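Number of protein chains: 2
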Amino acid sequence: MKREGVLFVISAPSGAGKTTLCKEIIDKFPELRHSVSYTTRAPRAGEVHGRDYFFVGKEEFSRMVQAGEFAEWAEVHGNLYGTSLATLKECRSQGIDLILDIDCQGAQQLKGRFDGGVYIFILPPSIAELRRRLNGRSSDTEEVIERRIQNAAGEIKESRWYDYIIVNDEFPVALEQLKSVLVAEQCRSFRVIQGLSAQFNI
Amino acid sequence: MKREGVLFVISAPSGAGKTTLCKEIIDKFPELRHSVSYTTRAPRAGEVHGRDYFFVGKEEFSRMVQAGEFAEWAEVHGNLYGTSLATLKECRSQGIDLILDIDCQGAQQLKGRFDGGVYIFILPPSIAELRRRLNGRSSDTEEVIERRIQNAAGEIKESRWYDYIIVNDEFPVALEQLKSVLVAEQCRSFRVIQGLSAQFNI
Numbered sequence: 001m002k003r004e005g006v007l008f009v010i011s012a013p014s015g016a017g018k019t020t021l022c023k024e025i026i027d028k029f030p031e032l033r034h035s036v037s038y039t040t041r042a043p044r045a046g047e048v049h050g051r052d053y054f055f056v057g058k059e060e061f062s063r064m065v066q067a068g069e070f071a072e073w074a075e076v077h078g079n080l081y082g083t084s085l086a087t088l089k090e091c092r093s094q095g096i097d098l099i100l101d102i103d104c105q106g107a108q109q110l111k112g113r114f115d116g117g118v119y120i121f122i123l124p125p126s127i128a129e130l131r132r133r134l135n136g137r138s139s140d141t142e143e144v145i146e147r148r149i150q151n152a153a154g155e156i157k158e159s160r161w162y163d164y165i166i167v168n169d170e171f172p173v174a175l176e177q178l179k180s181v182l183v184a185e186q187c188r189s190f191r192v193i194q195g196l197s198a199q200f201n202i
Numbered sequence: 001m002k003r004e005g006v007l008f009v010i011s012a013p014s015g016a017g018k019t020t021l022c023k024e025i026i027d028k029f030p031e032l033r034h035s036v037s038y039t040t041r042a043p044r045a046g047e048v049h050g051r052d053y054f055f056v057g058k059e060e061f062s063r064m065v066q067a068g069e070f071a072e073w074a075e076v077h078g079n080l081y082g083t084s085l086a087t088l089k090e091c092r093s094q095g096i097d098l099i100l101d102i103d104c105q106g107a108q109q110l111k112g113r114f115d116g117g118v119y120i121f122i123l124p125p126s127i128a129e130l131r132r133r134l135n136g137r138s139s140d141t142e143e144v145i146e147r148r149i150q151n152a153a154g155e156i157k158e159s160r161w162y163d164y165i166i167v168n169d170e171f172p173v174a175l176e177q178l179k180s181v182l183v184a185e186q187c188r189s190f191r192v193i194q195g196l197s198a199q200f201n202i
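If you read the sequences in order, they're chains G and Y.
Counting in UniProt numbering, the first sequence runs from 1 upward without gaps.
Counting in UniProt numbering, the second sequence runs from 1 upward without gaps.
If chains are identical, the list can't say which one is meant, so a pair holds when it fits in one copy or spans any two.
Taking lysine-lysine and the DSS-like style, the derived pairs with C-alpha atoms no more than 30 Å apart in a straight line are:
id, residue 1, residue 2
1, K2, K157
2, K111, K58
3, K23, K179
4, K111, K179
5, K18, K179
6, K28, K179
None of these hints come from the bench; they were simulated from the model.
All of these numbers come straight from a predicted model, not from anything done at the bench.
Construct all of the structure, not just a fragment, from the sequences and the given hints.
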C-alpha cells in the first residue's frame with residue numbers, strides 16, 4: 001500500500017518570508033504540489049488563473065461555500081480566499097504531498113475540518129526586523145506597513161498551536177529547517193508503516 | 001529562556017546500520033552529545049572507558065539499579081546495559097541535545113519513565129538485505145546471524161510505537177532523513193516557544 005499524501009500548511013505574518021521559502025521548497029521537491037486557492041480578488045500583473053489562483057466571482061465563491069466545497073475559507077483584507085476540499089482529499093488518497101500557504105484563520109478552520117495536516121508557522125526574528133523588511137518593500141505605504149505590523153503581532157500569538165515554528169533570520173537556515181520538517185514528517189512511523197506493513201508484517 | 005535539550009533515542013535491529021548512522025550524525029552536529037551507557041560487558045579492543053561505555057562490575061551495576069540511578073537498563077545477549085538518569089536530566093535542563101543508542105526493551109522503559117524523548121527506529125530495507133549485510137560481516141558465525149535475524153523480526157514489530165522510522169536502503173538518503181528528524185524536532189513549536197516567549201509575548 002502506498003502511503004497517504006501529507007498536507008503541509010504554512011502561515012506567516014506578511015514580511016516573514018513565507019512566499020520565497022515556499023517557492024524555494026517547491027523547486028527543491030519536484031514531487032511536492034502547491035495547492036492553488038480560489039479567490040475573489042482581482043489578478044495582479046503576471047498572475048495566471050489556475051497557477052497562482054483560481055480567480056472567481058463573489059457569486060461563484062458563495063455558491064462553493066454553500067455547497068461545502070471549501071476545506072477552509074477566509075476574508076483577508078476584504079477579499080475572499082478558499083481551499084478546495086476535493087483537491088485535499090484527492091492528493092491525500094493519491095499519496096501526493098501538498099503545500100498550502102494560508103493565513104491563521106484559514107489554518108485554524110482547516111485543523112478542525114481536515115485530519116492529519118502538518119502546521120508550520122514562519123516567524124520573523126523580531127518585530128523590529130519585520131518593520132525593516134516591510135519598509136524595504138517599495139510597494140507598501142506607511143499606513144499599510146503599520147496595519148501589517150499590528151496584524152503580525154496578533155498572528156504571532158497564533159503560532160502556539162502550530163506544530164512547528166521556523167524563525168526566518170538567515171534564509172538558508174530557515175530553508176534547511178523547512179526542508180527538514182518536510183522530510184521528517186515523511187518519516188513519521190504511522191506514515192512509513194502504511195508503506196511497509198505487508199513487507200515486514202508490522 | 002533557553003530551550004530544553006532534546007533526547008533522541010535510536011533503536012534498530014543488528015545490521016540495519018545504526019552505528020554508522022549515529023557516528024555520521026554526531027560528526028555533522030558537533031553540539032549533539034552521544035550518551036555513554038554503563039555496561040557489565042568486557043571492553044573490546046580499542047574501546048575506551050568513559051567514551052564508548054562506562055565499564056562497571058555486576059555488583060556496582062546492581063547497586064545503581066537498586067538506587068534508581070538508571071533511566072532504563074536491560075540485559076542484552078547476557079550483558080547488562082544502563083543509561084544514567086542524572087545525565088539525561090542534566091542535558092535536558094542545560095539545553096544539550098543527546099543521542100541515545102539503545103535496544104527496544106530499553107527504549108520502551110525509557111518512554112515510560114522520561115518525558116519528551118524522540119524515538120527513532122532504523123529499519124533495513126528487507127529481511128533478505130539484512131541477511132546479506134550480516135553475512136558480509138566476517139565477525140559473526142552462521143548461528144549468530146540466524147539468532148540476529150530472529151531477533152530482528154521481533155524488534156521490527158516494535159517499530160510501531162516509535163515516532164519515526166527510517167529505512168536504511170541507500171545510506172546517504174537515510175542519513176539525510178535522520179538529520180532532518182533532528183533539525184525538525186528542534187523546530188517543534190513547544191520547543192521554539194521556550195526560547196521566544198518573552199520576545200514575542202507568546
